[in-house]
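Residue numbers (this note's numbering), protein chains in the order written: chain S, 21 to 241; chain V, 337 to 651.
Among the hints, erroneous ones may be present.
Unchecked claim - Examples of chain S residues toward chain V, derived with CB under 8 Å:
(1) 30
(2) 33
(3) 37
(4) 83
(5) 87
(6) 116
(7) 118
(8) 139
If you are wondering where the hints come from, they were derived from the structure by calculation, not from laboratory data.
Since the model is a prediction, treat every value here as computed from it, not as a measurement.
Note that beta-carbon positions come from the ideal geometry of N, C-alpha and C, so glycine has one too.
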Amino acid sequence: MPVSTHLGSQLVDLCSVLLLLCCFAIVAQRRLSACVDLFALQSVFLAATAALVAFLTGHRHIYFAAALTIVIKVIVLPRILRKVIERLNVSRELVMNVNVPAGLLICGALVIVSFFITQPIIPLGYLLTRDSLAIALAIVLIGFFTMIARKKAVTQMVGFLVMENGVFLGATAAAYGMPLIVELGVFFDVLVAGLIVGIYTHRLQDAFDSVDTSTLTVLKE
Amino acid sequence: MLQVLLVAVQLIMLLSLSPFIVGLIRKVKARLQCRRGASVLQPYADLAKLFRKEPVISSTTSWIFTAAPYIVFASTVAAGLLMPVFVSRSPLNFAGNIIALVYLLALGTFFMILAGLDAGSAFGGMGSSREAIVATLAEPAMMLSILAIALTAGSTNLSTIVHKSALLEGVVLAPPAHLMALAALFIVTLAETGRVPVDNPATHLELTMIHEAMVLEYSGRYLALMEWAAGIKLLVFLTLIVNVFAPWGIATSLTPSSVALGVVVYLLKVSGLAVVIGVIESMFAKLRLFRVPELLGAAFILSLLALVFFYTLRG
Numbered sequence: 021m022p023v024s025t026h027l028g029s030q031l032v033d034l035c036s037v038l039l040l041l042c043c044f045a046i047v048a049q050r051r052l053s054a055c056v057d058l059f060a061l062q063s064v065f066l067a068a069t070a071a072l073v074a075f076l077t078g079h080r081h082i083y084f085a086a087a088l089t090i091v092i093k094v095i096v097l098p099r100i101l102r103k104v105i106e107r108l109n110v111s112r113e114l115v116m117n118v119n120v121p122a123g124l125l126i127c128g129a130l131v132i133v134s135f136f137i138t139q140p141i142i143p144l145g146y147l148l149t150r151d152s153l154a155i156a157l158a159i160v161l162i163g164f165f166t167m168i169a170r171k172k173a174v175t176q177m178v179g180f181l182v183m184e185n186g187v188f189l190g191a192t193a194a195a196y197g198m199p200l201i202v203e204l205g206v207f208f209d210v211l212v213a214g215l216i217v218g219i220y221t222h223r224l225q226d227a228f229d230s231v232d233t234s235t236l237t238v239l240k241e
Numbered sequence: 337m338l339q340v341l342l343v344a345v346q347l348i349m350l351l352s353l354s355p356f357i358v359g360l361i362r363k364v365k366a367r368l369q370c371r372r373g374a375s376v377l378q379p380y381a382d383l384a385k386l387f388r389k390e391p392v393i394s395s396t397t398s399w400i401f402t403a404a405p406y407i408v409f410a411s412t413v414a415a416g417l418l419m420p421v422f423v424s425r426s427p428l429n430f431a432g433n434i435i436a437l438v439y440l441l442a443l444g445t446f447f448m449i450l451a452g453l454d455a456g457s458a459f460g461g462m463g464s465s466r467e468a469i470v471a472t473l474a475e476p477a478m479m480l481s482i483l484a485i486a487l488t489a490g491s492t493n494l495s496t497i498v499h500k501s502a503l504l505e506g507v508v509l510a511p512p513a514h515l516m517a518l519a520a521l522f523i524v525t526l527a528e529t530g531r532v533p534v535d536n537p538a539t540h541l542e543l544t545m546i547h548e549a550m551v552l553e554y555s556g557r558y559l560a561l562m563e564w565a566a567g568i569k570l571l572v573f574l575t576l577i578v579n580v581f582a583p584w585g586i587a588t589s590l591t592p593s594s595v596a597l598g599v600v601v602y603l604l605k606v607s608g609l610a611v612v613i614g615v616i617e618s619m620f621a622k623l624r625l626f627r628v629p630e631l632l633g634a635a636f637i638l639s640l641l642a643l644v645f646f647y648t649l650r651g
């Protein structure tokens with residue numbers, strides 16, 4: 021392996037691990053606004069990873085995806101979520117289905133599991149980004165876990181977005197990015213999902229005076 | 337002869353630099369709160385004043401109370417001498433490896449806990465029990481993160497680890513493991529040295545203090561030794577982080593120019609890290625005591641993942 025590729029793959033690895041670190045911070049965090057900030061930070065790292073892959077492989081269209089990540093996931097979506105939090109006047113997640121230390125332990129287990137799942141696939145992948153695949157899978161699983169473990173609609177939205185980040189990282193890692201038209205579609209979907217969840221959260225607040233999704237099972241006139 | 341000189345320089349550096357680091361963190365915090373703050377050199381003046389004062393000792397204390405400051409001070413300094421500071425091959429590296437360093441620091445903590453209990457005041461006992469919680473929770477995370485680094489370097493000897501990574505011999509192969517271990521060790525540093533998310537070094541409020549509660553009964557030269565030892569412990573942790581995770585610029589040979597460069601780079605890196613800690617202390621509020629296990633649990637998971645990464649990403 022030439023030195024530059026080697027260094028490149030290490031840099032990509034480093035960026036993917038920063039994404040994973042953000043995931044753990046989100047799981048450990050109780051304040052909703054901090055969760056949103058951490059998601060924005062994670063998206064910055066995601067854009068950096070994508071730009072790095074684009075630079076190292078010469079696939080120009082990944083630059084567009086990185087730019088779109090910055091615009092939508094770093095600027096637009098966090099702004100929507102912050103506005104939701106501000107209007108709802110909820111700042112803390114006080115009830116959770118799984119408490120923080122147990123959640124962290126489960127997330128650690130999820131990371132180990134995803135490493136063992138991807139172990140047979142890793143030798144088949146591209147040299148540059150093969151280690152990121154396991155990390156991407158771990159991020160998807162942790163995002164999913166966040167959606168299960170938290171009760172507030174806002175954190176569940178953050179969990180969903182984290183999952184999306186994982187999928188994007190996985191696509192970049194495994195296949196050097198999806199075709200541009202697919203990526204555009206995905207970004208549009210995520211944006212619309214963000215808007216819908218914003219509106220849905222308002223409705224939830226109006227109907228139940230709470231954004232706790234477990235109240236949705238309660239019958240109400 | 338050169339080796340002895342090197343050890344002496346390292347000792348003097350640790351002793352003289354630690355109050356400066358404490359003062360620097362205080363200054364950064366003061367500036368961020370729009371205060372002018374005391375001079376960076378204020379801790380030196382405090383120490384000098386305390387050494388001149390007559391110590392007052394409770395009549396109910398045993399010999400442990402007067403012996404503890406010396407033991408704490410000596411064990412912390414010994415831990416500091418075991419690791420490379422500005423030369424990658426520390427002359428005392430035959431005396432102990434990274435595990436000895438961890439347990440020398442634990443010895444100091446243990447005697448501080450005993451001393452807190454010894455005077456029989458309510459605050460001391462409370463501080464001791466809290467410190468025992470924090471120390472027991474921080475220990476596994478610290479050991480695991482250090483072990484992850486030791487595995488990547490293939491040795492538990494600190495000099496070998498730092499020397500290898502300074503020369504880029506095989507240690508940079510695993511950035512994910514390194515990053516996770518760094519995050520874990522940083523949290524452990526904040527916990528072990530009593531910085532803000534865990535303990536507030538600037539308060540004497542019974543609800544919040546951990547370290548201060550243990551040394552509350554001390555006065556005069558004993559207090560000075562305790563404070564100085566706390567400063568050295570902070571410096572030891574900062575040096576550990578700086579030299580293990582970012583050893584660039586450290587002197588790998590004993591030529592005068594590289595040693596001079598090593599000293600300058602070391603001072604810059606340690607002060608930079610102190611500024612980072614000052615900023616973090618201003619950004620975060622102190623955690624409630626029952627939240628501390630969450631933070632240290634996160635550190636433990638991260639260090640565990642560092643080990644997992646080492647084994648899975650090695651191939």
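Hints versus structure:
no.	hint	verdict
1	30	holds, 5 Å
2	33	holds, 5 Å
3	37	holds, 4 Å
4	83	violated, 23 Å
5	87	violated, 25 Å
6	116	violated, 12 Å
7	118	violated, 12 Å
8	139	holds, 7 Å
Checked against the numbered hints above, the structure violates hints 4, 5, 6, 7; every other hint is satisfied.
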